[in-house]
Amino acid sequence: DLVATFRFCSRGFASSFSSDTALPPNLRLPSNLVDPDRLKRPPPSEDSSLPLIRKCDAALPAHLSPVRTWVDTLESKDSEPLGLTELHPDVFAVTPRLDILHAVETWQRNYKRISHASTKVRSEVRGGGRKPWNQKGSGRARHGSIRSPLWRGGGVSHGPRGPKSYYYMLPMKVRVQGLKVALSSKMAQQYLHVVDSLNIPTPDSQYLLELIRSRHWGESVLLVDVSEEFPENILQATENLKTVNLIPAIGLNVHSMLKHEAVILTLDTVRFLEEKLLWHDERYTFLYPLKLPYSDFP
Amino acid sequence: MSFPKKPGGKALDVLQNLPRITLTNLRPEPGARKNEKRRGRGQHGGNRSGRGHKGERQRGTRPRLGFEGGQTPFYLRIPKYGFNEGHSRRPQYQPLTLKRLQYLIDLGRVDPTQPIDLTQLINARGLTIQPLKRDYGVQLVDEGSDIFVAKINIEVQRATEGAIAAIERNGGVITNSFYDPISLGILIKPVPFFMRGQPIPKRMLPGEDMVPYYMSAENRGYLADPEEIQQARRALAQKYGYVLPDISKDELCHMLAMRKDVRQIFFGLSPGWVINMPEKKILKPTDQKLLQYYSS
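Residue numbers (full-length UniProt numbering), protein chains in the order written: chain Y, 1 to 298; chain A, 1 to 296.
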């Protein structure tokens with residue numbers, strides 16, 4: 001990707017700017033910077049022979065067309081894609097709002113944070129009630145207590161005070177949009193893959209690693225399924241792997257998606273995500289907390 | 001656009017050639033985060049720290065706001081008069097224009113084939129009522145009366161004459177009824193009230209100063225005489241110059257004639273009943289004293 005960027009930059013800008021911004025001739029880039037096989041897999045064209053496995057459930061607006069992707073299998077290492085899927089553009093092809101991604105990512109990091117850093121003020125430090133020496137006559141500077149912030153061993157004037165919580169909530173729709181933007185950017189940069197289900201023939205971690213390497217998915221992979229119960233094989237295979245992780249679809253979040261290089265969704269997960277994320281586009285505002293029953297909401 | 005546009009636009013195409021978005025690549029929009037002003041640090045925030053030169057300004061001992069150096073200040077020269085006296089006890093009514101009502105009916109958020117109540121308007125998110133801010137309900141305003149074309153059975157708390165005329169011209173029925181603040185809170189958010197498990201209270205009658213308003217036929221009050229209301233309808237039709245359509249010959253006449261009882265808050269439910277939301281059951285009182293109290 002970096003090589004492609006440099007090529008893109010030099011192609012685009014060498015003509016308009018001076019030669020300072022062109023690549024220096026003695027630049028040596030390492031050869032393992034970018035996996036060259038990863039760059040080959042263009043999105044399916046209009047006239048491909050594979051069957052369309054899934055169409056979008058929700059009604060598409062007239063001016064948008066669905067996004068098409070390959071559907072793979074995890075059953076065998078060298079299998080061809082099973083078919084094509086249509087993904088809803090309002091979930092998988094929204095405008096890539098990187099500022100929303102940043103906002104949601106910082107929120108995810110900080111809303112759970114409680115900093116326990118605490119210092120003692122001059123009144124809390126042990127001692128220091130008596131005036132050390134007379135105001136006048138001793139020749140030394142005037143002081144009122146030995147624990148004032150000027151003294152060594154004295155209290156801190158403006159230090160951290162006790163457990164402090166950094167809790168705040170972003171609006172629900174911003175968090176939903178963050179998920180949509182993350183999915184769309186993964187899809188646009190070809191790091192999102194759709195699989196029919198997470199069934200593996202063997203509970204072997206090596207099989208998974210070789211499959212990922214042969215398909216050039218990346219170093220770290222996030223596998224997402226709808227239910228919280230996964231097949232035994234994949235549970236065992238991913239148990240001892242640090243870079244390959246399993247999560248249920250309700251646990252999908254922006255931080256995990258950005259941390260892992262590739263995101264693998266099953267067809268059921270795609271259906272679940274589309275249903276849940278599109279609902280927020282056309283809902284009324286809430287009159288009372290969601291925990292109380294609503295008659296016209298799911 | 002008739003032809004399907006590429007979803008996401010050109011930004012997604014640009015993204016394809018850019019490096020991978022990772023946790024290290026995120027940053028806020030340029031200009032979104034501005035550094036806060038810090039006084040007493042360095043050349044710009046320090047020195048006098050924005051306080052000026054000597055005097056009360058720098059030393060922070062300026063007199064209170066409104067002080068005029070000893071001269072009787074303006075806010076004490078002017079005599080008091082009760083402009084805002086009792087403002088927190090005055091009933092307020094959230095305005096609802098006929099234009100907005102027509103908009104809601106056209107979009108299908110409000111069903112004109114059922115009696116329109118304050119609950120229906122709030123469920124359609126047509127307006128917001130805050131009973132804790134001395135809101136006593138909704139008032140119908142006649143802006144948009146020339147566009148209004150809908151035959152509805154509507155119940156509000158206040159209505160201007162033009163609004164009444166516009167609704168009756170289209171063959172609808174309008175009633176002004178009173179809700180005391182507790183019943184209003186229940187009416188607006190019925191589900192949180194039912195979750196409390198309390199019996200539905202009876203709606204209180206209006207206070208002394210509001211009784212003449214709700215008993216007069218010109219305002220279509222709910223305590224007024226039906227015959228007087230008919231006369232008032234004819235008089236209004238004559239005043240505004242339209243032919244009064246006959247409601248009794250309408251197919252929805254039964255729905256249009258539906259009205260709440262004086263002590264009733266909801267259409268199908270009587271005061272005194274307890275609703276069990278999780279098990280979807282209604283419990284009615286059987287004790288003689290309770291029945292007497294709730295039906296008084």
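Heads up, a few of these hints could be off.
[Claimed, not checked] Cβ-Cβ distance ranges computed for the label pairs, FRET-style:
{"#": "1", "chain 1": "A", "residue 1": "Lys34", "chain 2": "Y", "residue 2": "Pro51", "range": "30 to 38 Å"}
{"#": "2", "chain 1": "A", "residue 1": "Lys80", "chain 2": "Y", "residue 2": "Gly129", "range": "49 to 57 Å"}
{"#": "3", "chain 1": "Y", "residue 1": "Val121", "chain 2": "A", "residue 2": "Arg109", "range": "33 to 41 Å"}
{"#": "4", "chain 1": "Y", "residue 1": "Pro51", "chain 2": "A", "residue 2": "Leu23", "range": "34 to 42 Å"}
{"#": "5", "chain 1": "A", "residue 1": "Gln292", "chain 2": "Y", "residue 2": "Ser227", "range": "39 to 47 Å"}
{"#": "6", "chain 1": "Y", "residue 1": "Lys291", "chain 2": "A", "residue 2": "Pro199", "range": "22 to 30 Å"}
{"#": "7", "chain 1": "A", "residue 1": "Pro285", "chain 2": "Y", "residue 2": "Pro160", "range": "58 to 66 Å"}
{"#": "8", "chain 1": "Y", "residue 1": "Gly129", "chain 2": "A", "residue 2": "Ala32", "range": "29 to 37 Å"}
{"#": "9", "chain 1": "Y", "residue 1": "Thr243", "chain 2": "A", "residue 2": "Ala32", "range": "48 to 56 Å"}
{"#": "10", "chain 1": "A", "residue 1": "Lys10", "chain 2": "Y", "residue 2": "Ser79", "range": "33 to 41 Å"}
{"#": "11", "chain 1": "A", "residue 1": "Tyr213", "chain 2": "Y", "residue 2": "Lys291", "range": "53 to 61 Å"}
{"#": "12", "chain 1": "Y", "residue 1": "Tyr168", "chain 2": "A", "residue 2": "Gly82", "range": "40 to 48 Å"}
[Claimed, not checked] So these bits of chain Y aren't anywhere near chain A, every CB distance computed over 12 Å:
{"#": "13", "residue": "Pro51"}
{"#": "14", "residue": "Pro81"}
{"#": "15", "residue": "Phe92"}
{"#": "16", "residue": "Asp99"}
{"#": "17", "residue": "Glu105"}
{"#": "18", "residue": "Arg109"}
{"#": "19", "residue": "Gly127"}
{"#": "20", "residue": "Gly153"}
{"#": "21", "residue": "Gln189"}
{"#": "22", "residue": "Asn199"}
{"#": "23", "residue": "Ser205"}
{"#": "24", "residue": "Leu267"}
{"#": "25", "residue": "Pro289"}
If you're looking for bench data, these hints aren't it; they were derived computationally from the structure.
Every residue, glycine too, gets a C-beta built ideally from N, C-alpha and C.
Now for the hints, and whether the structure bears them out:
1. A/Lys34 x Y/Pro51: 30 to 38 Å: At roughly 54 Å between Cβ atoms, proline 51 of chain Y and lysine 34 of chain A fall outside 30 to 38 Å, so the hint is violated.
2. A/Lys80 x Y/Gly129: 49 to 57 Å: holds (52 Å)
3. Y/Val121 x A/Arg109: 33 to 41 Å: violated (58 Å)
4. Y/Pro51 x A/Leu23: 34 to 42 Å: holds (38 Å)
5. A/Gln292 x Y/Ser227: 39 to 47 Å: For serine 227 of chain Y against glutamine 292 of chain A, whose Cβ atoms are near 56 Å apart, the range 39 to 47 Å is violated.
6. Y/Lys291 x A/Pro199: 22 to 30 Å: holds (23 Å)
7. A/Pro285 x Y/Pro160: 58 to 66 Å: Holds - the Cβ-Cβ distance for proline 285 of chain A and proline 160 of chain Y, about 59 Å, lies within 58 to 66 Å.
8. Y/Gly129 x A/Ala32: 29 to 37 Å: violated (49 Å)
9. Y/Thr243 x A/Ala32: 48 to 56 Å: Since the Cβ atoms of threonine 243 of chain Y and alanine 32 of chain A sit about 33 Å apart, the hinted range of 48 to 56 Å is violated.
10. A/Lys10 x Y/Ser79: 33 to 41 Å: About 35 Å separates the Cβ atoms of lysine 10 of chain A and serine 79 of chain Y, which means 33 to 41 Å holds.
11. A/Tyr213 x Y/Lys291: 53 to 61 Å: Given a distance of about 40 Å, which is not inside 53 to 61 Å, the answer is violated.
12. Y/Tyr168 x A/Gly82: 40 to 48 Å: 44 Å Cβ-Cβ, so the 40 to 48 Å window holds.
13. Pro51: holds (22 Å)
14. Pro81: holds (20 Å)
15. Phe92: violated (8 Å)
16. Asp99: violated (4 Å)
17. Glu105: Since the minimum Cβ distance to chain A is about 6 Å, glutamate 105 of chain Y lies within 12 Å and the statement is violated.
18. Arg109: Violated, because the least Cβ-Cβ distance between arginine 109 of chain Y and chain A comes to about 9 Å, which does not exceed 12 Å.
19. Gly127: Correct as stated: the minimum Cβ-Cβ distance to chain A is 30 Å, above 12 Å.
20. Gly153: holds (26 Å)
21. Gln189: violated (6 Å)
22. Asn199: holds (29 Å)
23. Ser205: holds (25 Å)
24. Leu267: holds (20 Å)
25. Pro289: violated (8 Å)
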